Amino acid sequence: MMEKLADHHPKSGSRERFIAAANRKKILANKCVKCGHLMLETVLFCEKCSGGKFEDVELEGSGTVVTYTIQTVAPEGFEDAGSYAWVVFKIDNAQLRASGFLSGIQTPKDLPIGTRVRVTGYDSKHGLMLQKQ
Amino acid sequence: MISNKVCILGAGSTKYGKLSESIIEIALSAAKDAIESAGITPKDIQAGYISNVFGIADKQVHMAPVIMSNLGISHVPGLTIESACGSGSVMFREAYANVAAGFYDCVLALGVEKVTHTGTAHSTTLFSYCSDFFYEGGNGASFPGLFASMARAYMTTHKATEEDLANVAVKNHENGVLNPKAHVRKKITVDDVLKSPVVASPLKLLDCCPFSDGASAAILCSEEFARKSGRPYVEIIGSGRGASPAAVQGREDITTIPSTVAAARQAYKMAGITPKDIDFAEVHDCFTIAEIIDIEDLGFFPKGKAAHAVRDGATRLAGEIPINPSGGLKSKGHPIGATGVGQVVEVFDQFTGRAGERTVRDAEIALTHNFGATGASAAVHIFKKVDRK
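Respectively, the protein sequence lines represent chains A and B.
To convert a position in the first sequence, counted from 1, into the numbering used here, add 13.
To convert a position in the second sequence, counted from 1, into the numbering used here, add 258.
So that you can see chain A by itself, here it is in the shape it has in the complex:
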């Protein structure tokens, strides 16, 4: 049985709070109160158990590179970013992946899979900022 929809108002400003957490070098996740499953950003229902209540969990903003690309042809808004990588990384101590912007990557030698990265903040132009650890 699903709980009443009235219990499921989206948290106001969850994206702003994700950004605020990133600026404290953390990743804001939602932890399902019922089953403990973690999901990123705005969620209404748990993908595992359909539970509708979550508590904020601030994960340490560090992890390991799962995959990435060096974005040689930069999209609009990133032309001034120099040589950079868009990176998918697994967050430490969680079965969650996030993605972000890592500047200064020239060739694949600069970023082997498994390299440790950490969140340094959130930039209004370039998004979730990472650096190599």
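One thing to keep in mind: the hints can contain errors.
[As the list claims (entries may be wrong)] Covered, in the sense of this in silico footprint (three residues per stretch, anywhere, with C-beta under 8 Å from a C-beta of chain A), are these stretches of chain B:
| hint | stretch |
| --- | --- |
| 1 | 372 to 383 |
| 2 | 398 to 406 |
| 3 | 453 to 459 |
| 4 | 493 to 507 |
Source of the hints: derived by calculation from the structure; they are not laboratory data.
This structure is a prediction, so every number in the text was calculated from the model and none was measured.
For every residue, glycine included, the Cβ atom is placed at its ideal position computed from N, Cα and C.
Given chain A's structure and the hints, the job is docking chain B onto it.
Same frame as chain A, now just chain B:
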């Protein structure tokens, strides 16, 4: 569950490429070809299904009523469907479902796109809005970048090489040369691909499909309507839909696309066949890595083995399972709202003797596969040639 058989009675496409006409003129041109090839008049059409993503770039949204009005059937209801690069097949599925359910006997399914006039940089930006933008486009990933991240994951896991990816492009260009409506009709070599400029490593320019304008249309009808016409037709024997997490980061395995696997499973089950029964397939090769992943997810090759199969020629026109005889998105082009319908046009052309030099010999069963974004939405359809003798 589904009682009524649905058939394709006619199909047509514009040339894909940089087109100068308005988006509505492009759409109407494909509609006219499909209507004529079906031997019907617009008055036979009971509903219109339109797929499009960036009509706003040519100052036209709410496209269905405009197209219906210009076909002289303004009283016929239409709707416009958007599912990024998968719009065509996702829309086709809705057209199929409505005929199968008996709501209509004859409908128009038409996909159209026009973006090249906005330029490469702005088109790239528009396309990035199809990603899960907060995590992907907003952090600097273009679409080539997202597929490049999938390519790197695949190459790392399955020991594939950049040459392996290049083989896909070479094969699709080989086919596209034989397709008069293809956008890029040019033979290329593995060396050409490897030496082309890097867009987002490990993908290079010739690993990527072009931005294209174009339209494709098909006439779907009930079996009774098709039989009465006395004309050649193709039967739809399987239809499946699937979905994946919108963002690449949401997938535990980045070397497979869950929506493809789910849609294919449904379509095979409905058709009562297995991947071995497919004689050729049109698949979503927006980037070379996509075709490698597709043909594993569709069950043609075991996981991690597709790159070798492509290298050995198994997917060429005369191979054991020809993939993208039309030239695919890579060579035929990728007008994103039209692509999924364009694949159906290729099947119709192949099965009704209109495919010329690229005809797959003795083919009787074909599959189409098309997805949106990095595979967040997908649809698979299976078709059977109908012997009119």
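Practice item. Mind taking a look at whether chain A covers the stretch 493 to 507 of chain B? Criterion is 3 or more residues with CB to CB distance under 8 Å. Key: holds (count 3)
Check your understanding: Okay, the stretch 372 to 383 of chain B and chain A, do three or more residues pass the C-beta test at under 8 Å?
Key -> holds (count 4)
Practice item. Three residues minimum, CB to CB under 8 Å: does the stretch 453 to 459 of chain B make the cut for coverage by chain A? Let me know. Key: holds (count 5)
Exercise for review: Report holds or violated for chain A covering the stretch 398 to 406 of chain B, Cβ cut-off 8 Å, minimum 3 residues.
Suggested key: holds (count 7)
In this structure, none of the earlier numbered hints is contradicted; all agree with it.
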